[in-house]
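For the protein sequence lines, the chains are A and B, in the order given. Note that the first sequence covers residues 1 to 85 in the numbering used here. Note that the second sequence covers residues 1 to 560 in the numbering used here.
Please keep in mind that the hints were generated in silico from the structure rather than gathered at the bench. None of these values were measured; they are calculated from a predicted model. Hints may contain errors.
[As the list claims (entries may be wrong)] Calculated pairs, DSSO-like style, for lysine-lysine (alpha carbon to alpha carbon, straight line, at most 30 Å): (1) B:K7 / B:K250; (2) B:K60 / B:K174; (3) A:K24 / A:K37; (4) A:K37 / B:K131; (5) B:K94 / A:K30; (6) B:K403 / B:K384; (7) B:K544 / B:K266; (8) B:K317 / B:K403; (9) A:K28 / A:K64; (10) B:K384 / B:K493; (11) A:K64 / A:K9; (12) B:K7 / A:K24; (13) B:K60 / A:K24; (14) B:K60 / A:K52; (15) A:K52 / B:K97; (16) A:K24 / B:K94; (17) B:K94 / A:K27; (18) B:K266 / B:K304; (19) A:K28 / B:K44; (20) A:K30 / B:K304; (21) A:K52 / B:K304; (22) A:K27 / B:K266.
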Amino acid sequence: MYQFSYTIKDPVGIHARPAGLLSKEGKKYKSAITVEKNGTEVNVLKLMALMKLGVKCGETVNVKIEGEDEAVAGPAMEAFFNANL
Amino acid sequence: MITIQGKGVSTGIGMGPLYFYRRASAEIKLRVIEDVEAEWQRFKDAQATAIEQLGELAEKAREEAGDDAAFLFETHQMMAEDMDYEESIEGIIKEEKLNAEIAVSRTSDQFAEMFATMDDSYMQARAADVKDVSSRIIAILCGAQQGGIASDVPVLLAADDLAPSETIQLDKSKILGFVTSYGSGSSHTAILARTMGIPAIVGMGDSLKMEYEGRQVIVDGSTGAVVIDPDEETRARMIAKREEQLAFQKMLETLKGQENVTKDGKKIRVYCNIGSPEDVHAVLTNDGDGIGLFRSEFLYLNSKTYPTEDEQFEAYKAVLSDMDGREVIIRTCDIGADKQIDYFELPKEENPAMGMRALRISLSRMDFFRTQLRALYRASAYGKLGIMFPMVTSVWEVREAKKLCESVKAELRAEGVPYSEHVEIGIMIETPAAAVMSDRLAREVDFFSCGTNDLTQYTLACDRQNNDLGRFYDPHHPAVLRLIKMVVDNAHKNGIWVGICGELGADLDLTETFLAIGVDELSVSPRAVLPLRNAIRNTDMSEKTEKILDALMDDHTHLV
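Looking at chain A on its own, in the form it has when it is part of the complex (with noise of 0.2 Å):
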């Protein structure tokens, strides 16, 4: 399992436009992705369940990967959120 966890720096936090980047990016790998924030935690493909975490700027989440290809798919999603939240 490949687990980070990152601060939301998007001003608008984890809204409907980068909660739909973070499906369709999880939906490239076939590992299980999840976000998880005060406990509740959501697979990324799950756009509306996404969006109802209701995740803000500067808030933290903890992200995890877990299937055959988390080695490829980990960094990547670690710097896909670098990059887009």
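For this one, chain A is given, so just place chain B on it according to the hints.
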């Protein structure tokens, strides 16, 4: 004849029959299903069709309004195939054995409710997206047509308000104007109307009644008036007004290629303010003489991290090349105050308008400033460039910035990179300090440009973001105009030119004042160029100049 009043958000006069936008509000009947697999498949087919339609809408939106507009529909696509959403629908069909329409409708309500109860107004508004997607799927299931305009003749389209997915798929050739019960100047309908150049009136409330459908209506986007069954006199008056507007537009067209010169031969340059390279098109179609203010902030605002020298160079070069030898004045990064960017990591300030902003940041972060200046000088080889520094208060700031310019030029020379030796250096005059010191500052630079929005704010001690200040925030205040006159006099004594790039530049009530003061250039939004040229060409300053200057030094109320 009935006259009802709304808020005009897009000007123009439209006449024609009123037509109410039809939504596919098919009545949903509850049915118990025997063959649940077939019903599930019926949903999957409708979902696939919806996703396909949304893809087409995204493409259409991309062509008409760009990537951001397209993304809305791509989000809708993702919502339509969201796993939780699908699971809920599947449960209702397969376990409760109910029809797909009911399953989608119930799921839609449940998800919309979920967003509506979030503590964030943006997320609450997403409830409308879930409903928009769901009603599309239901319409497909019912075989209903999505809201077209079933009329052979063009109509004035009435609605409560229109969703983006609705406005984008309308047959634009059939619409003479919009009238809506709700909405605002920034709603999708208003934006679309302004792009199409047709009238729009919003916020009609209950006064817009279904019974008006099919009746002859005249709408006036400049006043917000909607007249149902107009009498002959009103009709004649509105036709005359429309013709007048069209004639004025046509007359403005004839001014393209003409000089900005008064009847008594006084000339002034009319330049444009732009915020991104795409705006150059509007400058050229409106015949701007040059660009008096190119705000470089877009490069920083549209980026997740500091834009590189090459990225900046490409953007500046594009504008300079497109302007084909006409002057382009680029203002160095003006962030801080009301424009905050995360990656700059500026400390929180009690009073950001008077804090770390604009040139103050540039001079405190020389590396970042050097990158921008290198990009600017590299681009200078491709046209006629002017560089302008914002938020100056002291002579030393200008000297420090100029010193860095010299060092950048020396670097480029050493690297053998081409740049122009004729780049003009100027400063914004937007603080009272800069205006008062303009006699000294004029010896340091090639031009001044008065940023009247900030100059007014700082001179009158009136926060420009505070809408409650009303009459206290008066950009026509003689203190502001006298400062501008002082700046112009000091500039001319030192042989440099002065422009105005704030909102006052386009204020036709002040055009004669600026001509009297001797301002050399007015930089305005591209659409304001031709009306301003018209005002300049229609005035004769030979007898007015003295009167205006006397009034300016005498009393505000006497100002012509």
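Hint check results:
1. B:K7 / B:K250: This hinted pair holds, its Cα atoms lying about 26 Å apart.
2. B:K60 / B:K174: holds, 18 Å
3. A:K24 / A:K37: holds, 20 Å
4. A:K37 / B:K131: holds, 27 Å
5. B:K94 / A:K30: holds, 28 Å
6. B:K403 / B:K384: holds, 21 Å
7. B:K544 / B:K266: holds, 12 Å
8. B:K317 / B:K403: The given pair, whose Cα atoms are some 23 Å apart, holds under the 30 Å limit.
9. A:K28 / A:K64: holds, 15 Å
10. B:K384 / B:K493: holds, 25 Å
11. A:K64 / A:K9: holds, 19 Å
12. B:K7 / A:K24: violated, 41 Å
13. B:K60 / A:K24: holds, 21 Å
14. B:K60 / A:K52: Satisfied, since the Cα-Cα distance of roughly 29 Å is no more than 30 Å.
15. A:K52 / B:K97: holds, 28 Å
16. A:K24 / B:K94: holds, 29 Å
17. B:K94 / A:K27: holds, 27 Å
18. B:K266 / B:K304: Status violated; Cα separation ~47 Å.
19. A:K28 / B:K44: holds, 23 Å
20. A:K30 / B:K304: Holds: A:K30 and B:K304 sit about 28 Å apart, inside 30 Å.
21. A:K52 / B:K304: holds, 24 Å
22. A:K27 / B:K266: Violated, at about 65 Å.
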